[in-house]
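Protein chains in written order, with the numbering used here: chain V, 1 to 299; chain U, 1001 to 1304; chain X, 2001 to 2507.
Hints were generated in silico from the structure; no laboratory data involved.
If we take Cβ atoms under 10 Å as the criterion, some of the chain X residues that face chain U in the derived model are:
#  : residue
1  : V2027
2  : L2206
3  : Y2261
4  : T2412
5  : V2418
6  : Y2461
7  : I2465
8  : F2466
9  : G2467
10 : A2469
Taking beta-carbon pairs under 8 Å as the criterion, some of the chain X residues facing chain V (in silico):
#  : residue
11 : E2359
12 : D2360
13 : P2487
14 : V2502
The beta carbon of each residue, even a glycine, is placed where N, CA and C say it ideally should be.
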Amino acid sequence: MRWRTNPLLGVEHLTMRFGGLVAINDLSFDVGRGDITALIGPNGAGKTTVFNCITGFYKPTEGRMAFARTGLADSNAVARLTASGGRFAGTPAGDLYMLERMPDHEIAWRARVARTFQNIRLFSGMTVLENLIVAQHNPLMRASGYSLLGVLGIGGYKTREREAVAKAEMWLERIGLIDRADDPAGELPYGAQRRLEIARAMCTDPVLLCLDEPAAGLNPRESAELNKLLRAIRDEDKTSVLLIEHDMSVVMEISDHVVVLDYGVKISDGTPTQVRNDPKVIAAYLGADDETENAEPSA
Amino acid sequence: MENFLQQLINGLTLGSIYGLIAIGYTMVFGIIGMVNFAHGDVFMVSAFIALLIFLAVTQILGIASLPLAFVLVLVAAMILTALWAWVIERIAYRPLRGSFRLAPLISAIGMSILLSNFVQVAQGPRNKPVPPMFTDVIAVTDGAYRVTLSYKQILIMLVTALLLVGFWWLVQKTPLGRAQRACEQDRKMAALLGIDVDRTIALTFVIGAALAAVAGVLYMMYYGVVNFYDGFVPGVKAFTAAVLGGIGSLPGAVLGGLLIGLIETFWSAYFSTDYKDVAAFSILAIVLIFMPSGILGRPEVEKV
Amino acid sequence: MGAKPTDAAPAFFSAEAIGGAFRAALVAAGLAFPILALRAEPDLNNQLVLLNRWPLLLWAAGIVFVGHLAAQIPHVGRILKWALFAGCTLVLVWILAGVANSNLPLRGKIALFTLIAASGFFGLLIAAPCAPGTPFHDFQKRARAFAGKIVGPIGIVALFAFPLVMLWTLGPGGSLKWINNYGVQILIYVMLGWGLNIVVGLAGLLDLGYVAFYAVGAYAYALLSTHFGLSFWLCLPLAGILAAFWGIILGFPVLRLRGDYLAIVTLAFGEIIRLVLINWTDVTNGNAGLSSIPRITFFGLPFTAADNGFAASFGLEFSPIHRNIFLFYLILCLALLTNVATLRLRRLPIGRAWEALREDEIACRSLGINTTSTKLTAFALGAMFGGFAGSFFAVRQGFVNPDSFTFLESATILAVVVLGGMGSQIGVALAAAAMIGGTEILRELDLLKAIFGPDFDPAQYRMLIFGFAMVAMMIWKPRGLVSSREPSIFLKTRKSVSASHVREGHG
Chain V
1 MRWRTNPLLG VEHLTMRFGG LVAINDLSFD VGRGDITALI GPNGAGKTTV
51 FNCITGFYKP TEGRMAFART GLADSNAVAR LTASGGRFAG TPAGDLYMLE
101 RMPDHEIAWR ARVARTFQNI RLFSGMTVLE NLIVAQHNPL MRASGYSLLG
151 VLGIGGYKTR EREAVAKAEM WLERIGLIDR ADDPAGELPY GAQRRLEIAR
201 AMCTDPVLLC LDEPAAGLNP RESAELNKLL RAIRDEDKTS VLLIEHDMSV
251 VMEISDHVVV LDYGVKISDG TPTQVRNDPK VIAAYLGADD ETENAEPSA
Chain U
1001 MENFLQQLIN GLTLGSIYGL IAIGYTMVFG IIGMVNFAHG DVFMVSAFIA
1051 LLIFLAVTQI LGIASLPLAF VLVLVAAMIL TALWAWVIER IAYRPLRGSF
1101 RLAPLISAIG MSILLSNFVQ VAQGPRNKPV PPMFTDVIAV TDGAYRVTLS
1151 YKQILIMLVT ALLLVGFWWL VQKTPLGRAQ RACEQDRKMA ALLGIDVDRT
1201 IALTFVIGAA LAAVAGVLYM MYYGVVNFYD GFVPGVKAFT AAVLGGIGSL
1251 PGAVLGGLLI GLIETFWSAY FSTDYKDVAA FSILAIVLIF MPSGILGRPE
1301 VEKV
Chain X
2001 MGAKPTDAAP AFFSAEAIGG AFRAALVAAG LAFPILALRA EPDLNNQLVL
2051 LNRWPLLLWA AGIVFVGHLA AQIPHVGRIL KWALFAGCTL VLVWILAGVA
2101 NSNLPLRGKI ALFTLIAASG FFGLLIAAPC APGTPFHDFQ KRARAFAGKI
2151 VGPIGIVALF AFPLVMLWTL GPGGSLKWIN NYGVQILIYV MLGWGLNIVV
2201 GLAGLLDLGY VAFYAVGAYA YALLSTHFGL SFWLCLPLAG ILAAFWGIIL
2251 GFPVLRLRGD YLAIVTLAFG EIIRLVLINW TDVTNGNAGL SSIPRITFFG
2301 LPFTAADNGF AASFGLEFSP IHRNIFLFYL ILCLALLTNV ATLRLRRLPI
2351 GRAWEALRED EIACRSLGIN TTSTKLTAFA LGAMFGGFAG SFFAVRQGFV
2401 NPDSFTFLES ATILAVVVLG GMGSQIGVAL AAAAMIGGTE ILRELDLLKA
2451 IFGPDFDPAQ YRMLIFGFAM VAMMIWKPRG LVSSREPSIF LKTRKSVSAS
2501 HVREGHG
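Turn these sequences into a full structure, and let the hints steer you where they fit.
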């Protein structure tokens, strides 16, 4: 129940409209610090849209997304920051960000929310290693004196680059791709590309890692490896995970908290066991009886 | 007031020509999402075809009736320009479907350079003065400042209006128009449903070129001079018109064309002729930056 | 007509094949009909009269007919490649014979002959179209890799030696053409190509108005030197900064636009700047341009016959070639500066971010990269090098007017980048040499005049060939001549990334 006691991200009344289409309607949920939270729901439920709002690729029509990067989320601080109209408040309790007010790259770099994509978005013409170095762009940029010192060859850039390579190597070891470091990312098999995309996101040192269908297209062995990797990210790297997934075995096995969406509305929220036994969820997945079907908005 | 009225007439005439060219840009963009950079030069080629056919008809065939010659020139220019567009699409664009995004644009730029220089080599670099035709004018108002409406201007607006009606019918009511709209929505699905996508795209180019050819004939007749570099600036202005109206939208292209024509003539009349092209280019930049979906276009949602 | 021999192609000389060729020939005749077969020329009364050129129409149709049929000959691709190879060999032998029979001094003959023979035959050796799998093909692969490694350093040494070798072999009079028309002219385009390569090749932003920054640099030098008497060495950085500043001003509002919209807006900006240069006559003197721009000096010593001139100060006999040699070294250094800066930037985070941006902009944003400032840096740096080149242009010509900064100039520079291989430094340099040098050679070939008559001016076919090459390149090799990508960092082994994985341009 960490999402109640120590929420990392509080999504409140999130609504996203595209013209007349309501993709998300008044959605509220919390993501617990240190949890693996799963966002599930039938196709077209609006899961990826939620991701795009959290990571700043879409500006939500309405709603608040308070992100307590460090410390405890303090409702007073959230209210004060909301009133002030600012993006960021460094309170004694910790750093607080308003994600809906930030551009996407700031969410990744300041608030430290990293993400992967449903259709893999690697830099396929760059090598595996380069992909992981690009992910460390901002600290390296600073080390190179915003390129001014770097181009003249002064300053400690070389050392920082070696550290970045070491970090990339560490991740390549963990995802089993160290032998392919100098190959173009586009040459990797599908499952390896998925793992690389996760490693690339982790190289940005995120507090929250958002994964859009990480198990899609994986075989059972790869799927099991993924579960192990995600647990390690939660337990060893102390990074919270928010994932969209269709594969129920993955969801039920690794997640601490499940949020179920249908037609842009939250229909269930709780531990995997609670959600599994929720009649509304069963109805949404297996087809509803007449009564509930009439109650739902038609697509 | 008289001056205003005169400029309004001139602007609408010019705007009709831009609108006709703009339809070609907007249709191609709608169906394959590509800026057909060579379209302005196709227009220029059509003006040359029109000039040569006109000379051939009057000098070789010896047809003295101007209206008959005009109709012959119009039909021949439409057919021959459409053939050019068909070949260009086949050679320079079709092999690039599925290549990287900027490849068709670069190819189109190459095609544009190729066309204008081909005409320069084939027809020489100098201006071609066209024999004047339809020179009569109607005086709309009398007085110190006579507002006139020339037969040419009437003809231009009339031909444009007629063609637009025919074209509207073609796109809205025929199977071809339906296939076109289907390809716009989802090319793969359209192919699965038995629509010949390649043919539909080729026909889009052909129709766009035929309309540009009409514009070419009217342009040659109106300005009385053609040159091999005449494709570039009118091309950019027509593209501006398409963007201003909302690229992908057919009524938008016509509306944008008329607006650009009006802006250009009023700018020249009331501010300065020197900067009239600057005005057109600035509008292009401003519209693309601040309202990229134009007046009648649909906003685009970025796919993540 | 785009017909390629495929499995389903009709058999050679079948009725079907001939029918197809006939249809293609008809289409060609239709295209050629008014534009090629008739020509409108004003007569003495400025009335247009038609000239008939019907044979041209027959030629066009005939060529297409034969070409269409020939495309169905089995193994036509390989036959063509070998024919091309044989043609190149003949041309090389012809050039060598020309050198041997020329009236150069003997030392010049020997030097030129050995140089051309060595580089020419090595080039032919590695370019021979051998079938993959044969032992010679493996040798070629190794030789190509070797050539790829040495072409940079050898090229730089050769370029530094070039004007002196030319002077030594051809004398001051004979070498002027080579140093000026070929050397300096090509190097200007190499530099412009390298500058634009940052924007188009690395960052994947299609900029159709690059010539605007070239113009800003040229006018900056022209105005600053004539009005304020500033020296070239002060104006050069100022021109670069001004151009970069304009790059930022123009770039800032437009860089969030999609690829092809960006291209059109940059085109509009390029034209706006040119039109302002034409119309703002108080400052720019309009179409007439600015003349009597101070010439380059050797760090204060003018290249004149005066007593305080360069030649007198160094005890040399005065010759206009000195100025040209100095200009050659100047543009060579400027171009190399561009190259070194680009190569270093590619290994820095900013350079990797550019390439990542070209690959996938959305992924970049998800990794915390500020895409606006990253694009803006590329735009401004490209503009800066364009500005440097512009002020060099002004000091070389001593005269600037808006005619030098048309859209065609932008298209030429873009063609250099596209044909050379987007992102590849050596490819861009080779493309510039081939395209600009090729134009100059075309101008000189008396052979063509002998074939096509004395009125034949090959220079007017230049842009025709450029346009054709751009289209052909996109279809045949969209990544350009040098299409593989060198990784900016490696863990164990450096492996080139083949063109099939590299993406170009966002959108």
